[in-house]
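K.L.:
Going down the list, the protein sequences come from chains A and B.
My numbering numbers the first residue of the first sequence as 1 and each following residue consecutively.
My numbering numbers the first residue of the second sequence as 1 and each following residue consecutively.
I should point out that these hints are in silico values taken from the structure, not numbers from a laboratory.
Some hints could be false.
Which copy is meant is left open, so a pair is good if it fits within one copy or across any two.
To be verified - Pairs of lysine to any residue, SDA-like flavour, derived with a Cα cap of 20 Å: (1) 57 with 128; (2) 57 with 127; (3) 57 with 92; (4) 228 with 20; (5) 228 with 299; (6) 208 with 283; (7) 57 with 93; (8) 57 with 124; (9) 57 with 125.
2 protein chains.
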Amino acid sequence: MNEFELIQHFFTRSACAQGGENIPLGIGDDCALLQIPTGHYCAVSTDSLVSGVHFPKDSPPFLLGQRVLAVAVSDLAAMGAKPLGFTLAITLEQIDTPWLQAFSEGLSAMAQHCAIALIGGDTTRGPLAMTVTVMGAVPTHHSLLRSGAQVGDLLCVSGPLGAAAAALPFVLGQVAADTVPAEAQQQLLAAYWTPQPQLELGRWLLGKASAALDISDGLLADCGHIAKASKVALQIEQARVPIAAAVLRTGGDADALQCALSGGDDYQLAFTIAASYLEALQQRFTAVQVIGRVSAGQGVQLLDSAGQSIKCAHLGYQHFQ
Amino acid sequence: MNEFELIQHFFTRSACAQGGENIPLGIGDDCALLQIPTGHYCAVSTDSLVSGVHFPKDSPPFLLGQRVLAVAVSDLAAMGAKPLGFTLAITLEQIDTPWLQAFSEGLSAMAQHCAIALIGGDTTRGPLAMTVTVMGAVPTHHSLLRSGAQVGDLLCVSGPLGAAAAALPFVLGQVAADTVPAEAQQQLLAAYWTPQPQLELGRWLLGKASAALDISDGLLADCGHIAKASKVALQIEQARVPIAAAVLRTGGDADALQCALSGGDDYQLAFTIAASYLEALQQRFTAVQVIGRVSAGQGVQLLDSAGQSIKCAHLGYQHFQ
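Start from the sequences, fold in the hints, and give me the full structure.
P.N.:
Laid out in structure tokens, this is it:
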């Protein structure tokens, strides 16, 4: 099977490449064509996952297909964008038909879940890696940036944190499977492999939240990005940070807190919003939690129950340290 | 230097990341925002280059930066699109400051040449590779696809072919530098490292040419794509295929022809167009050559001077053969 037949078979014919109302031209020409609705910008984001760095080489391909797309679509959610199309550049060591079949099925499952269509890509030979570029539509008259946080706003997260980070030892095969309850382990792995882009919440927040992003590097590090972009301080009450139940069942409290504060990879949203929206927000999105507020100053402060600042050694995951 | 500072320094501050009229929001948030002009679609294409597969590991970084962008922008040219923005996902084995500096300068040089802005990306650790996704604007009422070739149309190419393929032994260090005249070698290497996306021609062809693509896989293979998509036959007169002068100076005639027919990587355009446009076309774009025509049937036929079909053993470069 040559490159063209490979692409044809596994991607062009996959369920997620069958176009949609905003795709006048899909895969197969020099470019795909995307129709951006009138009164909207095209929101664009790119994410790469590299074998041996972001996932183990023997990762289940179906889950990998889901995750690589979810991670990228999460950036659209953080901008309040409606997903339209994505491209996939995949580098493969060899053609492994069952692997490709499962990968494209995982990709399609997440694409359908997020209502986004595969519109193009590139297939190359080399060390296993994939880059997804997502495109969506966001109204020109609203924006959901990192830079708008206002002093006095509440700081919220969209749901419980830490599960993806707590899953990592299991993903990497560093911990025997029977050391934690099977159900808890399953919940952790689901959080890691199948993050749920918070698209509905992101769109609801448009015109209401003052700043937002998705938590990929860890709560503290990502809140640092909002604080820096908005030129404010964010104060987080440690006791109000929601920790995923499965995380609490798999380790000590200190480890669980560490996962929730610095673990990253959960792809929940962190956002700042005026208190007047809180009731409507929590009625519609019951998992949303207020974890702190915006004040004058700079940086992120983690506060104990007495309101005293806690020193944080680890501010989040970074490559190339 | 950590990942964020790395991106900040080499890419966010690079000349090509300083935005433009169609970039309401550039690098730095979860997504960039692109403004697609009214009455236009967003054209999208993705290309990857992998170290050791598409370029030698010790390739000059400035040239690599130019080439990775040119290759992708060439797809916009083939659709008649006006370049707007691009993302770069780059995977690096380590932080090499002079390498990154030169790479980003090469990228910026090509970006400015093509009037396209860097709007986002991802920097990851791993085997050296890069994926560029380009976005442009193409009028909704015109299109320049592979599928519109009409029986009777002329088949044209935008300029001389074969130089990039003939450069490959020098790029790979397989041939001693002194085996060919220095000037010829320089011309070959320039064709390989700094392809010129045919943007002006592509936009001129909108509404005039019936089909077009950029020649990346080789003239014969790419003409095969037009023939298949348009459900026609393309007849190429071998004697009319323009071979780059430097190619003729570096090898035998048979090798030179092989480079021009099957070599690929030149990123000239191949297109079909009604004969009525020919005079205006060649007046404006003097390098354009008619190499054949469109007839009923299927596939690509290479014809000798007597109009007889020539058998072609090699139809172009393909990965994973």
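K.L.:
Indicate, hint by hint, whether the structure satisfies it.
P.N.:
Results for each hint:
1. 57 with 128: Both ways: residue 57 and residue 128 sit 8 Å apart in one copy and 17 Å across, limit 20 Å.
2. 57 with 127: both (10 Å within a copy, 14 Å between copies)
3. 57 with 92: both (11 Å within a copy, 18 Å between copies)
4. 228 with 20: For residue 228 and residue 20, neither the intra-copy (38 Å) nor the inter-copy (24 Å) Cα distance is at most 20 Å.
5. 228 with 299: The answer is within: 7 Å in one copy meets 20 Å, while 59 Å across copies does not.
6. 208 with 283: within (15 Å within a copy, 57 Å between copies)
7. 57 with 93: both (11 Å within a copy, 17 Å between copies)
8. 57 with 124: Classified as both: same-chain Cα gap 17 Å, cross-chain 16 Å, threshold 20 Å.
9. 57 with 125: Both ways: residue 57 and residue 125 sit 16 Å apart in one copy and 15 Å across, limit 20 Å.
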